[in-house]
Amino acid sequence: MSAQTLADRGQRLYTAIRGNESWSIGDRIGVGLAWLAGIGLCLIAAGILGYMLVRGVQYLNVSEVFSSPQPGLDQSETGGFLDPIQGTLIVTILGTAIAAPIGVATAVWLTEYGKPRGLARAVESAVEIVAGTPSIVLAIFGLLVFQQGIFSWFSVTGEGATPLGRSFIIAGSLMALIALPLIVGSTREALYSIPRHVREASYALGKDRASTIRRVLLPASRRGIGTGVVLGMGRIVGDTAIVFILLGATLQFEPEGAVPGWDVLKGTGSTLTTYVYQNSPAGEGGSPEKAYAAAFVLLMIVLVLNFGINLITRERQSMWGR
Amino acid sequence: MKRKLPIAALATIALSASLLAPTAASAKPSITMSGSTSVAPLAELLAKKYIASCGHCANFKLLQGGSDIGVADVAAGRVTIGMSSRDPKPSDPGGLVFYKVARDAVCIVSNNANKIPSIDTAGIQAIFGGGVRSWTQVPGSTQKGPIEIFVRSPGSGTQDAFQRIFMGSQKVFGGAEEKNSNGRVQAAVSSNPLAVGYVSLYFTSGTHTIPYKGVPCTLRNAKSGQYGGSRNFYMVTRGAAKGAAKQWIKWITRSGAARSVIGTEWVPLR
Amino acid sequence: MLSAGLLVLIGFMIVFVFSKAWPSFANNGLAWFGPGGDVDTQLAEIFNSPAESKSYNYTIHVWPMLWSTMLITGGAVILATFISVLSAMFIVEFAPAPVRAVLQPAIRLLAAVPSVIYGLIGLLVIVPFVGNHVITTHQKESVQYVIQLGGSSLIVGIVVLTVMITPIMVAIITDALHSVPRTWTEGAKALGVNRWRALRTVGVRAARPAIVAAAVLATARALGEAIMLSMVAGSSAFAPNPLDGLVFFYEPARTIAATIVDNADGLSVKPFGQTLYAFAAVLLISSAFLSFAGWAARQAMSKYTLGAR
Numbered sequence: 021m022s023a024q025t026l027a028d029r030g031q032r033l034y035t036a037i038r039g040n041e042s043w044s045i046g047d048r049i050g051v052g053l054a055w056l057a058g059i060g061l062c063l064i065a066a067g068i069l070g071y072m073l074v075r076g077v078q079y080l081n082v083s084e085v086f087s088s089p090q091p092g093l094d095q096s097e098t099g100g101f102l103d104p105i106q107g108t109l110i111v112t113i114l115g116t117a118i119a120a121p122i123g124v125a126t127a128v129w130l131t132e133y134g135k136p137r138g139l140a141r142a143v144e145s146a147v148e149i150v151a152g153t154p155s156i157v158l159a160i161f162g163l164l165v166f167q168q169g170i171f172s173w174f175s176v177t178g179e180g181a182t183p184l185g186r187s188f189i190i191a192g193s194l195m196a197l198i199a200l201p202l203i204v205g206s207t208r209e210a211l212y213s214i215p216r217h218v219r220e221a222s223y224a225l226g227k228d229r230a231s232t233i234r235r236v237l238l239p240a241s242r243r244g245i246g247t248g249v250v251l252g253m254g255r256i257v258g259d260t261a262i263v264f265i266l267l268g269a270t271l272q273f274e275p276e277g278a279v280p281g282w283d284v285l286k287g288t289g290s291t292l293t294t295y296v297y298q299n300s301p302a303g304e305g306g307s308p309e310k311a312y313a314a315a316f317v318l319l320m321i322v323l324v325l326n327f328g329i330n331l332i333t334r335e336r337q338s339m340w341g342r
Numbered sequence: 015m016k017r018k019l020p021i022a023a024l025a026t027i028a029l030s031a032s033l034l035a036p037t038a039a040s041a042k043p044s045i046t047m048s049g050s051t052s053v054a055p056l057a058e059l060l061a062k063k064y065i066a067s068c069g070h071c072a073n074f075k076l077l078q079g080g081s082d083i084g085v086a087d088v089a090a091g092r093v094t095i096g097m098s099s100r101d102p103k104p105s106d107p108g109g110l111v112f113y114k115v116a117r118d119a120v121c122i123v124s125n126n127a128n129k130i131p132s133i134d135t136a137g138i139q140a141i142f143g144g145g146v147r148s149w150t151q152v153p154g155s156t157q158k159g160p161i162e163i164f165v166r167s168p169g170s171g172t173q174d175a176f177q178r179i180f181m182g183s184q185k186v187f188g189g190a191e192e193k194n195s196n197g198r199v200q201a202a203v204s205s206n207p208l209a210v211g212y213v214s215l216y217f218t219s220g221t222h223t224i225p226y227k228g229v230p231c232t233l234r235n236a237k238s239g240q241y242g243g244s245r246n247f248y249m250v251t252r253g254a255a256k257g258a259a260k261q262w263i264k265w266i267t268r269s270g271a272a273r274s275v276i277g278t279e280w281v282p283l284r
Numbered sequence: 305m306l307s308a309g310l311l312v313l314i315g316f317m318i319v320f321v322f323s324k325a326w327p328s329f330a331n332n333g334l335a336w337f338g339p340g341g342d343v344d345t346q347l348a349e350i351f352n353s354p355a356e357s358k359s360y361n362y363t364i365h366v367w368p369m370l371w372s373t374m375l376i377t378g379g380a381v382i383l384a385t386f387i388s389v390l391s392a393m394f395i396v397e398f399a400p401a402p403v404r405a406v407l408q409p410a411i412r413l414l415a416a417v418p419s420v421i422y423g424l425i426g427l428l429v430i431v432p433f434v435g436n437h438v439i440t441t442h443q444k445e446s447v448q449y450v451i452q453l454g455g456s457s458l459i460v461g462i463v464v465l466t467v468m469i470t471p472i473m474v475a476i477i478t479d480a481l482h483s484v485p486r487t488w489t490e491g492a493k494a495l496g497v498n499r500w501r502a503l504r505t506v507g508v509r510a511a512r513p514a515i516v517a518a519a520v521l522a523t524a525r526a527l528g529e530a531i532m533l534s535m536v537a538g539s540s541a542f543a544p545n546p547l548d549g550l551v552f553f554y555e556p557a558r559t560i561a562a563t564i565v566d567n568a569d570g571l572s573v574k575p576f577g578q579t580l581y582a583f584a585a586v587l588l589i590s591s592a593f594l595s596f597a598g599w600a601a602r603q604a605m606s607k608y609t610l611g612a613r
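Protein chains in written order, with my numbering: chain A, 21 to 342; chain B, 15 to 284; chain C, 305 to 613.
Keep in mind the hints are simulated off the structure, nothing from the lab. A hint or two may mislead.
Quick list of in silico lysine-lysine cross-link-like pairs, DSS-like style, CA-CA up to 27 Å [to be verified]:
id: 1; chain 1: C; residue 1: K493; chain 2: B; residue 2: K185
id: 2; chain 1: B; residue 1: K256; chain 2: C; residue 2: K574
id: 3; chain 1: C; residue 1: K493; chain 2: B; residue 2: K114
id: 4; chain 1: C; residue 1: K574; chain 2: B; residue 2: K103
Partial chain A-side listing against chain C, Cβ under 8 Å, derived [unchecked claim]:
id: 5; residue: L53
id: 6; residue: M72
id: 7; residue: G76
id: 8; residue: S155
id: 9; residue: V165
id: 10; residue: F171
id: 11; residue: S172
id: 12; residue: T260
id: 13; residue: V296
id: 14; residue: Y297
id: 15; residue: P301
id: 16; residue: V322
For every residue, glycine included, the Cβ atom is placed at its ideal position computed from N, Cα and C.
Between the sequences and the hints, there should be enough to build the whole structure, so can you do that?
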């Protein structure tokens with residue numbers, strides 16, 4: 021067959037498939053709106069990214085990243101945001117460190133064991149409730165709990181008073197709660213996607229359930245766990261409500277007690293998110309420049325985390341041949 | 015598995031280190047304070063000076079929220095000292111002791127693009143009460159739009175002082191926008207040409223302070239008593255102050271170093 | 305057993321919040337939800353109530369806040385649903401490959417941006433623009449005896465919130481549209497239906513459970529959004545009045561979540577704090593209800609269309 025005949029056949033097939041369709045005005049408007057929506061979203065994303073880039077470059081001095089903030093009414097003379105950056109790091113690491121073991125363990129239990137059924141369903145619902153609860157509600161719940169006397173070693177206790185209820189360790193613990201559903205979800209997905217024959221092969225070889233999980237399933241679902249952890253970190257980095265209520269909003273670190281390390285965790289401080297909030301017109305607001313600079317740094321951190329997720333998920337598709 | 019192990023190990027090490035380390039060294043008392051956003055900058059400066067002069071003898075934690083919150087917190091035993099920028103009220107919980115530490119002025123502020131030359135009590139009541147809603151009706155104003163009023167939230171001592179000193183029994187306009195700290199009012203007024211509000215003297219930079227009855231709202235006029243809008247700052251404790259709190263309050267009310275700190279932006283008592 | 309611990313924790317949270325919230329509900333009964341008076345004034349009076357527990361003042365009627373919450377959340381979700389369905393259709397069918405390659409990371413970017421940055425841009429760019437260039441002085445004066453119009457308003461809140469929740473919905477709906485069997489849509493096209501119609505009648509219908517699920521998820525997210533809305537939608541507990549015409553959109557509106565954030569300092573003051581916990585209880589119930597509603601809706605629809613998990 022000549023190329024021309026093939027081309028003709030292709031053309032006719034194409035027209036046959038497409039049919040003698042007619043496009044009414046309504047349909048055309050529909051397609052137009054779809055284009056508008058898609059391009060619009062692109063433009064908004066580009067706009068936000070571009071605007072933050074412009075403002076960030078305009079207002080960010082690298083020195084700010086490395087100097088501590090000083091309190092003072094005129095923020096333009098008062099140092100940078102080293103402490104808030106460290107605050108963000110501490111809270112994220114703490115939250116992830118607490119959430120990851122609990123989340124993976126819960127997911128493993130739900131998929132591999134899952135009996136008694138009622139308990140499994142209740143745990144699933146609990147995770148969903150936590151996922152759906154606004155972080156502000158979780159924050160005030162945390163305040164309520166940690167102001168009780170039993171939890172006095174989590175935060176400062178004033179002389180003759182009850183515990184403050186605000187500290188890094190408290191904020192970190194509650195951040196773990198918001199990262200938890202993401203970790204549980206991703207791990208479960210990863211575990212589900214491991215075909216049954218893998219487990220059966222492991223049992224056939226004489227391993228029991230616990231060591232199968234440890235040696236075979238968990239390593240195989242590493243990417244899923246990794247995705248969940250990074251997603252959780254992204255959510256923690258971006259959260260403001262919990263930090264706002266539970267971190268005491270002091271500009272610098274104010275460590276408590278004499279134990280190095282633990283004293284910082286027990287003390288108060290701020291993170292990039294509250295720093296941006298406080299410097300915006302919604303807060304004490306003296307310096308939108310600082311707010312832009314800090315917001316730029318925050319956005320970069322979030323983008324890096326996102327990029328990390330892309331890297332992890334890109335490779336995982338080839339795992340089981342799907 | 016490999017990923018979780020280092021994190022778990024770190025956590026265990028940190029935890030055990032904290033438990034094993036000597037706890038005697040952390041016996042420094044902590045003083046937690048909450049309350050007035052007007053008193054807060056003064057309290058912070060005083061705390062810094064005190065720590066330096068007594069050799070780190072105490073730790074301070076400062077929250078804000080407004081005078082009423084400070085009073086309620088200290089009465090319920092949630093903080094050691096409450097900061098109040100208003101006088102004790104009959105509705106306050108019992109058993110509280112108010113220690114007067116300084117005096118301060120409440121300034122009426124407008125935007126720098128709207129430099130009003132003077133205002134009297136009737137004018138303030140007309141504007142903040144909602145009787146007059148447009149800048150065109152205010153003598154000396156260079157703006158032409160509707161008046162945008164910024165007030166404080168209910169827990170504020172500055173709001174109490176403003177109501178008592180300037181408004182009397184006249185209620186504030188219900189449509190005014192509430193802010194919960196001096197800093198926020200300052201930010202709002204300095205960025206909006208149509209805005210008007212009231213702040214503590216410390217928070218007036220970036221705004222135009224409107225002279226009250228012809229007397230400008232400055233530190234000198236507040237110290238001399240000429241400015242008509244002054245109010246007291248208090249440190250509040252549950253029962254008489256004890257221990258570290260007592261030492262600190264004694265230092266504030268007696269020492270010369272404290273007096274000079276207060277004298278920078280506020281009115282000392284002696 | 306860790307999971308059981310989680311269960312206990314969640315149970316504790318619910319019990320704690322409700323026990324703190326109970327006095328506020330008990331003292332107001334059903335009128336708690338009703339209209340009557342200015343919420344800010346009522347909050348002030350609760351705050352100033354005398355110190356003995358017997359004479360605590362709990363009176364509050366939260367209708368203005370409920371109304372604002374419904375307006376902002378509902379408005380944003382409806383707008384977002386339209387935009388997401390259209391965008392998903394665009395991605396699946398009409399977008400040329402290079403545009404698609406840009407659009408998907410763009411949507412992921414939008415989903416990842418923290419809410420405080422949305423609030424910052426909203427507050428520093430959109431609010432002044434609306435306040436100074438969109439709202440005319442005449443409009444401001446028309447309501448000046450009732451409320452003052454800055455730029456922080458209902459419309460800005462709805463718009464920014466829509467941008468925040470759209471990415472979540474687009475991801476879910478695109479997945480669902482992709483998983484519609486191609487034979488279905490190709491069958492429609494073979495019958496002479498054009499691409500748009502085919503996708504709209506076959507694809508979107510098949511993806512309905514996913515659209516509902518996405519809408520429920522987005523509503524839960526919107527309800528809980530406190531920080532961004534408190535920055536951008538105004539800080540008076542005012543109920544925007546539809547009778548004001550266009551000015552309705554320019555009036556400030558404060559949702560329940562934003563009110564909790566704005567008043568968070570007062571959490572430990574007895575009757576005031578309990579009122580705030582009552583607000584939190586309402587949010588808790590709503591999100592639990594939404595989870596359940598989403599599940600139930602998906603169950604109902606799965607009979608007719610593809611199963612969505």
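Against the structure, the hints come out as follows:
1. K493(C) <-> K185(B): violated, 69 Å
2. K256(B) <-> K574(C): holds, 25 Å
3. K493(C) <-> K114(B): violated, 83 Å
4. K574(C) <-> K103(B): Satisfied, since the Cα-Cα distance of roughly 17 Å is no more than 27 Å.
5. L53: holds, 5 Å
6. M72: holds, 7 Å
7. G76: Since chain C brings no Cβ nearer than about 11 Å to G76(A), farther than 8 Å, the hint is violated.
8. S155: holds, 7 Å
9. V165: holds, 7 Å
10. F171: Given a least distance of 13 Å, the restraint on F171(A) is violated.
11. S172: Nearest chain C Cβ about 16 Å off; hint violated.
12. T260: Holds, because the Cβ-Cβ distance from T260(A) to chain C comes to roughly 4 Å (cut-off 8 Å).
13. V296: holds, 5 Å
14. Y297: Y297(A) check passes; min Cβ-Cβ to chain C is 5 Å, inside 8 Å.
15. P301: Holds, because the Cβ-Cβ distance from P301(A) to chain C comes to roughly 5 Å (cut-off 8 Å).
16. V322: holds, 5 Å
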